[in-house]
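S.K.: Those protein sequence lines, which keep their order, are chains A and B. The numbering of the first sequence is my numbering, which starts it at -3 and goes up by one. The numbering of the second sequence is my numbering, which starts it at 1339 and goes up by one.
Each hint should be verified, as a subset may be incorrect.
No farther apart than 20 Å at their CA atoms in a straight line, the calculated lysine to any residue pairs in the SDA-like style are these [stated by the list, open to error]:
(1) LYS1512/B <-> SER1523/B
(2) LYS1961/B <-> ALA1986/B
(3) LYS1685/B <-> ASP57/A
(4) LYS1975/B <-> GLU59/A
(5) LYS1685/B <-> LYS69/A
(6) LYS1684/B <-> TRP261/A
(7) LYS2447/B <-> TRP1371/B
Read the hints as simulated data drawn from the structure, not as lab findings.
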Amino acid sequence: MLKFESPNVVRFAAILVAALLSGCGKSGSASDPNSKLKIQNSKLALPTQGCYTGAYIDFGDTEDGVTLEGIEKFEQMVGKHQAIVASSSYWGEQTFPNANVRLITRHGSIPLIFWSPWDRPYVEGRGPDKYSLTSIIAGDHDAYIDRWADSARDFGQPMIVSFANEMNGSWFPWSGVLSGGDKQIPDTKPPKFDGPETFKKAWRHVVERVRARHATNVQWVLHLMNYSMPQEEWNLAAQYYPGSDYCDWLGFSLYGSQFPSDGKWAPFFPLFDWPYTELTLLDPTKPIMVCEWGVGELPDLGDKAEWIRDGFRVMKDAKFPRLKAIVFWHERWQNSDGEDAGKYSNLRVNSTPESLEAYRQGVADPFYLSHPVLEKIEPAP
Amino acid sequence: MDGHGYFARTHTMIESGGKPQRFIFQDPQGRRWPRLRRVLAVWLLLVVAALVWFIWAILVRPELKLPRALRDMKGQLRAAIKSAAKAPGDRNALNWQKYYEQTPAAQERLARIRAQARKPKPQNGRIRLAFYVDWDPGSFASLEEHAAAITHVAPEWFTLDKTDSELTYDPDPKLATFAATRGISVMPLLDNLAGDEWQPEAVENLANGSADKRAAFIRELVGDVLRAKAGGVIINWEQVDPVYRDQYTALLQELADGLHDSGRELWFMIAIGEDFNTFDIEALADFVDRFVAVFYDENSDGDEPGPIAAKDWIEGWLGVIANFGDPEQWIGALGAYAFDWNTTRKKTETISFKDAMSRASYAGVDQSGDVTETAAPSYNAQFDFNDGDEEHTISFLDALSFYNARRLMLEAKFAGIGINRLGTEDPQIWDVLDARDATSKAAQKTLSALKATDTITHVGRGEIVSVDENRDDGSRVVSLDPGGWLSARYTRFPTYPILYHQGAGGDHEVAITFDDGPDPEWTPKILDILKTRGVKACFFLVGQNAEDYPGLVQRIVDEGHEIGNHTYTHANLALMSPFRMKLELNMTQRVIESITGRSITLFRPPYNADSTPGTIAELAPLKLAQDDLGYTVVLEKIDPQDWAQPGADEIVQRVKDLRSDGNIILLHDAGGDRSETVEALPRIIDYLEVRGDRIVPLSQLLNIPRDELMPLTQSGAQRVERMVAGTGFKLWHGIVELFWSFMIFATAVVVARTLLIAWLAKRHHHRAPAGIADPDNAAPVSVIIAAFNEGKVIGRTLRSVLDTDYTGAFELLVIDDGSHDDTVAEVECVAAADPRVRLLRQQNSGKSAALRLGLSQAEHDTIVFLDADTHFESGTLRALVRPLSNPLVGAVSGHARVGNLRTFVARCQSLEYICGFNLDRRAYTDWNCITVVPGAISAFRKSAIAAAGGLSHDTLAEDTDITLTLHRLGYRIEYAPDAVAWTEAPETFRTLAKQRFRWAFGTMQCLWKHRDLVFNPRFLALGWFSLPSVWFFQIALVALTPFVDAILLYSVLFGHATAIWFYLVIFFALDLFLASLACWMEGERLRQAFMIIPMRLAYRPLLAWVIWKSIFRALRGAIVGWGKLERTGTVGARGAADT
């Protein structure tokens, strides 16, 4: 009598084993990769040592085309995970960047959102539009703000918002220059100026509304240009400071030479040192963030790789203990105006192998932190 | 079979006269067989009918209701109201003017350049450069068709990529070979495009790089060009920063030198538009062999819908170019394709002219008015349509726009034209090229007919496809405009075979599918993961696997996943007949219906589900599945080839790399070790979730309810077919289950019995025989030998008996059964010398009668039966009768051994006696359950035989019969292993078969006659152990051998083979173990035990045949021939045993 294997017995045993194994594996495989960010009512903790590093990664015309592929490619290129990933939310889109903040969070980064009150077409220098600061103050956009705030609250994870950035510049419609400028408000002593005052009102209006919707996961960064334009008393950072209660971070943009027509090369140190000091004077404790930093690849003017190296060296200097986050602006664009028409501004880290190497080496310093650390938000007093 | 028949060499039977005992199984009236035959016939008929019904149910086409969304596909496309939109005036038409300003300087240079020595000379005829891609089979097809009209072909072989300017080279041998045989010069492109992203840094950093870096690059590139036997290289660099134009010029100069030194050319593509100035064309003109001006993409990805290459736009730019270099240095690359702007989703797609035609045709774009036309001013055609709620605008270039553009190139005195690209063109551009005068009436007529071809066109997006093979010619009214420009008005769009694509879903919708399951090991693991992660997938099941593991199929459905058809045997559609395919799909359908109560409407063809059908032949099976059988075909674009086990990391990486190509992921849950897939799956899900994707079931991609994709079968038609098919599958499944259960049972029983026998035999071997009252029993003995024609052997037999050390008295009775040879003389010769020998004679009446006669004449109470050809040893008699000193013992079995070892058959039997019969008897003795005392050598108490009613003659195996009868009477049956007798075994298979048939039949008769003993509480060992053993091991199991062998063969052919070998080895090991044990106990050489293996193989068919023959004989009701013999052979000596 020949004996046979019995597939059924074997199968049964296999199923049994499989069930046991999968049972064992469950705890491992089921662990949520994002659990590290799942603390409700939390915010980005301030490191005692070091500074978060992040980037804006060429997210397209409206700066909101965030893709995982884009982030991962960048991280692979620079050899470091990004603690912060920056992108924009333009008011003209009338949306909350739900997909983006979730993607960034799931990826294990903190979203930094440039919430910019302007309308299509998003062209600089056009002056206030439908979403002017005054219309915000007038409450014309409260519905949108509330909707946006609700979405932010529902999202629930820590995020940092830079509303109406670089207001001390002259190009955005919400800039002080274009929103009343240096017009002195009567009977004010010390004198107050229309532009900055309008900005502050709008800022407080927006922050208050968002807070009223209990979007406590939002941290606010007051985001200036490193040097005001014009660099005049009425247009300095202090004029735009809405008060300690209205922001969590103080930040600025820092760009070296970007255009071939710039004609000269701007070394890193003065671009950073002065505005850092200026901001630290606004408030004794608030952390400082370089919300954008970058430089063009302009070999005729200067050495981009050296500039980047210099930047990483300067920013970790112990003289700047309140610097807690830096965000690189990784973008290449073709200019359309003036002498630079047709030419490119290449702010990408990989504009040349040398620049890329400089960035990789610089950011590799453990001082620059690759992963966000969260802490519980203190209950509001 | 253990019946050592008394009738080993006789063929007669004697019936005791007046009181006829019916022969067991005899059916005197002969009614049983006809009745049985009728019953069998009816049964057979029923089985055949059921089988036919079943097959019909499988073959009948399931009435699958195509989900509504799929039916509506056709209706979904419709012409947009605004389809009257003509191609708008081109917004970009005037941007050439900006560049025209530079002309004075250019004019000056012109004279100098014209004077240059190194000017490309017009070759034999003009240049026709065809752009080629290797991923579209249509590209090669077109190249083949029009090779004669092409002088140069430009494949995409070189890429300059990455920040540090890596050169990648990806040649295509098929194209190279073809081009070489057709005399076409290969001019591969060198672009800076990675995926769909331009890599300007790769070019900039090369140009700005060190001299060494540039030299290395040029060396590498020139080397590759030479190896490829290409005519040179065409540079196509885009989006680079004009700031470095001088550096580009220097780099290209070096490159040109390198190529020229090797006799190769440098061609350079100039983008027409804003980037015209990026490169220093004037400087390049000094060394670039050809400029290829790109006269298309006027409006493309990122632009609003508009002309692809408006005539006035081309004209304007030609005016600009006229200022750069010699026109003979220029080639005008013309577009031959279409753009589909999805203005709702803001996505653009480059499609072929034929795709554009099919879309227009199916959208029902109005052809009655003059709405879609290639006409002034742009001479580009355009139409709008809606796909569901998405708006599309298609702009296309046709043979007319081609003619006009080419005419412009000719007028500009360009060296030739480029065609972008092979495979997307209006096929009639080749007519334009061939025509001597394309504006002639005849040529216009040719151009106005739009002939449908076999080319597959694509409509829609996604990997869930349906086929429409209809094709229809179309027409356009071609006319000659003032100025000699050709224009056309489309009156009827042609239709080509269409592959509708659906299921693209949203940007972040993705589906996971598993092929080939279910599998008992991997499918549950995958289901566990999916359950934990809350992901719903689709399983394309292989019918036979579904049939094997219905529980898993049910679980898949219960847990909310979808299922589809993946054929019954995972067969390649390309290699099968339509009938087979229908059978494959229907069987799978019916199996799944019978398991889940749901029909399945999705189908994925095994093999190459990721390759979109490229030829009409590849469409045929899909069409059959769809039209004839009602399936929706699901392909996929994300195939990480997990089945090849590239490692979990690699599987995840491949999914990442391919994610942007499509939205249906293919994995496998069966067909091998899928541990890598199981490991990769959670990471794939993680990745997709981080990416922001939603993993959705296919029904969601199709936007239909799951129940519509897998409709419940309870309602609706074909209930009977489904029931029949379902019952058939369940029955078959039941039979298979039963078979395997039986196999497990049988295996277990065989192992148990083997061990028990071994243990008992061993115990017996070690112990002195129990219950022997007098070890020196010397009671008087009557030895009885029946002889029929035994002259040759009888003398030796008698002498072996007489030559004994037995101390008691004995007589030796030889009954001659009417021999015709010298048996009587031989016996008388011995008898003359020894008074203990007595000869009795009778007429030939059979051995049984002879024995009964001997029994009646025996003087002593101790009877020894002996075959005439069986030789005693000197101690045999003493050992044999010794147990009879115990009055409880009724019979003693001697130890028969095979004496003639001349043939294989005999040697087999020798071993069989040793390790089968004798070992069994040894084992059975202690428990007093020996089933047969062999007629060849046995001792009986005469009074016991008398008590049993004498030797019966209603079976062919009285030895078994009398043994069982003695058991009934409460006698002990002993085995005397020392009572060795050497018998003669059949020496050929033929005689062996005869002998075994008699044994088998006799055994069956006895088993039947004594069937009340089985499981009889009075006979513990006999009724519960040894008799059931005979029933099971000697009858049932042997009878089933042929079926088992058939299934074994099937299993070996269709999988499970390795496990079977494992069991086979175990089985032989058991046999070998028993044989060795027996040989050792009998003092035989252990080597002999190995004979058991060939013996088993040789005996299997023989024993099975014998058993079946016996069964049939028994069923037919006795044996006519024997019955007669039995009734005629009455002799006077009868009655002796009857008393």
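S.K.: Would you mind marking each hint as holding or not holding in the structure?
M.R.: Evaluated hints:
For a cut-off of 20 Å, the pair hint linking LYS1512/B to SER1523/B stands: about 14 Å separates their Cα positions. The suggested pairing of LYS1961/B with ALA1986/B is violated, with an alpha-carbon distance near 36 Å, which exceeds 20 Å. Of the supplied pair hints, the one linking LYS1685/B and ASP57/A holds, its CA atoms being roughly 15 Å apart against a limit of 20 Å. For the hint pairing LYS1975/B with GLU59/A, the CA-to-CA distance comes to about 29 Å; that exceeds 20 Å, so the pair is violated.
Our distance criterion of 20 Å between C-alpha atoms is broken by LYS1685/B and LYS69/A, whose separation comes to about 23 Å. Of the pairs offered as hints, the one joining LYS1684/B and TRP261/A is violated, with about 40 Å between alpha carbons and a cut-off of 20 Å exceeded. Taking the CA atoms of LYS2447/B and TRP1371/B, the gap is about 14 Å. The hint holds against a cut of 20 Å.
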